[in-house]
Every structure is written in C-alpha cells, then in structure tokens.
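*Asks:* Here the protein sequences come in this chain order: A and U.
Be aware that the first sequence starts at 1434, since it is given in our numbering, and climbs by one per residue.
Be aware that the second sequence starts at 1434, since it is given in our numbering, and climbs by one per residue.
It is possible that part of the hints are untrue.
Copies of the same chain look alike in the list, so a pair counts if it fits in one copy or across any two.
[Unchecked claim] Result set (BS3-like, lysine-lysine): computed pairs, CA atoms no more than 30 angstroms apart in a straight line:
(1) 1546 / 1436
(2) 1535 / 1436
(3) 1436 / 1528
Since the hints were made in silico from the structure, they are not lab data.
From a predicted model like this one, the values you see are computed outputs, not experimental measurements.
2 protein chains.
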Amino acid sequence: MFKSILREVVENADGAIASILMGFDGITVESFANEGSGVDMETVGSEYSQVLQQVKQAAQMLEIGNANEVAVQAEHMTTLIRLINDEYFVAVAMKPNGNFGKVRYLLRTQAPKLLENLT
Amino acid sequence: MFKSILREVVENADGAIASILMGFDGITVESFANEGSGVDMETVGSEYSQVLQQVKQAAQMLEIGNANEVAVQAEHMTTLIRLINDEYFVAVAMKPNGNFGKVRYLLRTQAPKLLENLT
C-alpha cells in the first residue's frame, strides 16, 4: 500500500526521482526510487528529519499551528516534504526543474491515505 | 534601499504580511511589516535562521549544491525564505492562502539586488 502511493507520486510528476515515508526518528517505513536515480533516499530523509524537528520547534515557538509542508530547493535537487502526523512524514526528491506543483498536489491528496494506514 | 525592496515584495503579493533581511546569526539588517500585521518578523527570522543552519548542513552532507530556497507552510502562516549568500537570507511571512508563487518570483528577482548591496 505505502509502496504503491510512493511510486504513484514519483511516476506521475515530471522530474520526481524518489520518495520516502519515514518517522521523525529517521526510521524508514517504505521508500521508492526510479531505476538508476542515484539518490539514496534514506540518507535524504534522515538528513531532513533533523531539519523537520527544528521546523516543528519553530512553529511551536511562533504559535502558527502545526507545520504541514516544507520545501527545500538546492542547486541540484529539490525536496518536498509533507508532515503526516506527529510521528511520520513523506518526502519526494526531484530535479530542480521538476514539476513542484504536481508533487505538492499529489502529496496533499495522498497524505490522508497514508495517515489512515499509519494509525 | 533594503527597506524599499522588502516593502515592494510584501505590497506586490496578495496575502504577504511581513519581510526581513537577516544574517544567519539572527541579526536583522532591515525589516518591513504591513500595518497591524501582528507578526514579530524578527522572532520569525530568528527562529528560521536555526532551521536554515540545519538545511545548509543537510545540503552539504547530501552534496546537492547550495540551498537556495526554503518554504514552510504551517496552519496559520506560510514563510518563504531565499538564501542570498553564505551570510544573509530574506524571509517573507504570508497568510496560508497568500500568493506563494508571486512571493517566490519577487524574491528570486530581487535577491541579486540585495546581494549587490550587501557585498
């Protein structure tokens, strides 16, 4: 179930490379990568899990409600992350010119399904 | 100069509330807020400066080049951050339904002007 959603997001957005469902503790639930992607999505997820901890703290300090989404655009890779609940997030790595809006839409619509199956 | 750019970004994007030009050490160069915005942009910038330090580390670890842009969407506020160089960033706070794409465009086009005047 998780795998098919993770695959669907990557395969339906131009420029998407890999995706992962992970706990904030850096433990992977499931991941998917395009063949020959060359992206170690576990390492990506693990690095960003630390960023997300900081984002959650910032949101709490600023009293702006829960953080829902974090996007990081770097020179060679864009990563879009959707926080699912207090324990899990889903992240998609894409090329810098990838279809960011489509990935965002797909993550937003698929997040409730992931949540349903995680709880 | 800085003030007029920070003002321009906020005034030209629907839903934008406040903006700040800040060092990664949390020291403000300049800021602008809509009247009655109720947002303490210095605190926002300071909280996110810590997130950005973590993002920079992650980008280095993952060898994906420099981080250019970070966006955080929380329930009551979206924040878009453009990294200008190794020392400074510019951040814009907006309502959750604000014109994210327009802020992104304005920050991208104004960043070189800010950089020019910072160096």
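*Asks:* Output the indices of the hints that this structure fails to meet, ascending.
*Replies:* Nothing - there is no hint that the structure violates, so all of them hold.
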